[in-house]
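Participant: The listed protein sequences correspond, in order, to chains A and B.
Reading the first sequence from the start, the letters are residues 1 to 139 in our numbering.
Reading the second sequence from the start, the letters are residues 1 to 139 in our numbering.
Hints listed in this document are in silico derivations from the structure and should not be mistaken for laboratory results.
One or more of the hints may lead you astray.
What the hints assert, rightly or not - From chain A, some residues computed to sit far from chain B (all C-beta separations above 10 Å):
1. His-5
2. Arg-18
3. Gly-25
4. Lys-32
Unchecked claim - Selected chain A positions facing chain B (Cβ under 10 Å, derived; list incomplete):
5. Leu-4
6. Thr-11
7. Glu-55
The C-beta atom is built at its ideal place from N, Cα and C for all residues, glycine as well.
2 protein chains.
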Amino acid sequence: MKYLHTMVRVTDIDASLRFYRDALGLAELSRKDYPQGRYTLVFLAAPGDESAQVELTFNWEPESYGGGRNFGHLAYEVEDIYATCRRLAEHGVTINRPPRDGRMAFVRSPDGISIELLQRGAAQAPAEPWRSMPNSGSW
Amino acid sequence: MKYLHTMVRVTDIDASLRFYRDALGLAELSRKDYPQGRYTLVFLAAPGDESAQVELTFNWEPESYGGGRNFGHLAYEVEDIYATCRRLAEHGVTINRPPRDGRMAFVRSPDGISIELLQRGAAQAPAEPWRSMPNSGSW
Chain A
1 MKYLHTMVRV TDIDASLRFY RDALGLAELS RKDYPQGRYT LVFLAAPGDE
51 SAQVELTFNW EPESYGGGRN FGHLAYEVED IYATCRRLAE HGVTINRPPR
101 DGRMAFVRSP DGISIELLQR GAAQAPAEPW RSMPNSGSW
Chain B
1 MKYLHTMVRV TDIDASLRFY RDALGLAELS RKDYPQGRYT LVFLAAPGDE
51 SAQVELTFNW EPESYGGGRN FGHLAYEVED IYATCRRLAE HGVTINRPPR
101 DGRMAFVRSP DGISIELLQR GAAQAPAEPW RSMPNSGSW
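Just chain A, same shape as in the assembly (with noise of 0.2 Å):
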């Protein structure tokens, strides 16, 4: 038995890229859009570790993704957690739970999916503009 992947749905795919991709640091690893069924699915991995995937569902006919309490979030070790939360600011995510301790920082997605993030090892140094920043919003 063997995990897969955990399935979330986008309502815009650039969007989404931007954040999993280009903001948290994931893999594109396929995209495939199924005419008949008039969707489009996207796979991502943290990179070295393709195993173990997040599948983008988007459905062409738009829907609007409310979320619930029984799923969490996903949850990312990260080899330098102030670097990705920068690479995060910068694009224009907010950081819902800063890193203040070096170690744990919470965000998320353009569809409101929690994601956490947790310092690989011993937690940093704390250090600003983290050290001082208050939180932000739910995660």
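With chain A held as given, fit chain B onto it using these hints.
Facilitator: This is chain B only, laid out in the frame that chain A set:
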């Protein structure tokens, strides 16, 4: 960068372990109570694939958890999709999308988290009772 886990919230740990562990077949890796935060965390993973986990969060204050459309499902590959579906059914789980094609099935956790099951390798030959079993509900 590395995928760590998908977190889901659960309203009943015992019912959730019957589903994720006993019926679905994940292994329970750890369980810890956090009395100060008044929550319990349980981590599970597919046997032999322990680096990709699912985290169950049980908040001690009762909450009711609705689902949202932005989250789709968790997907697992299994050795024998018929054996997995049989074990799920024996534990009282509705097979929402039976494996009529010998390849794919969907079920839901007690809190409505959709789980996709995919037969490893080639599809199995269609077989009863699955071949003629209708869909049930949504997934």
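Participant: State the violated hints by number, sorted upward, taking the hints as numbered earlier in the document.
Facilitator: 1, 3
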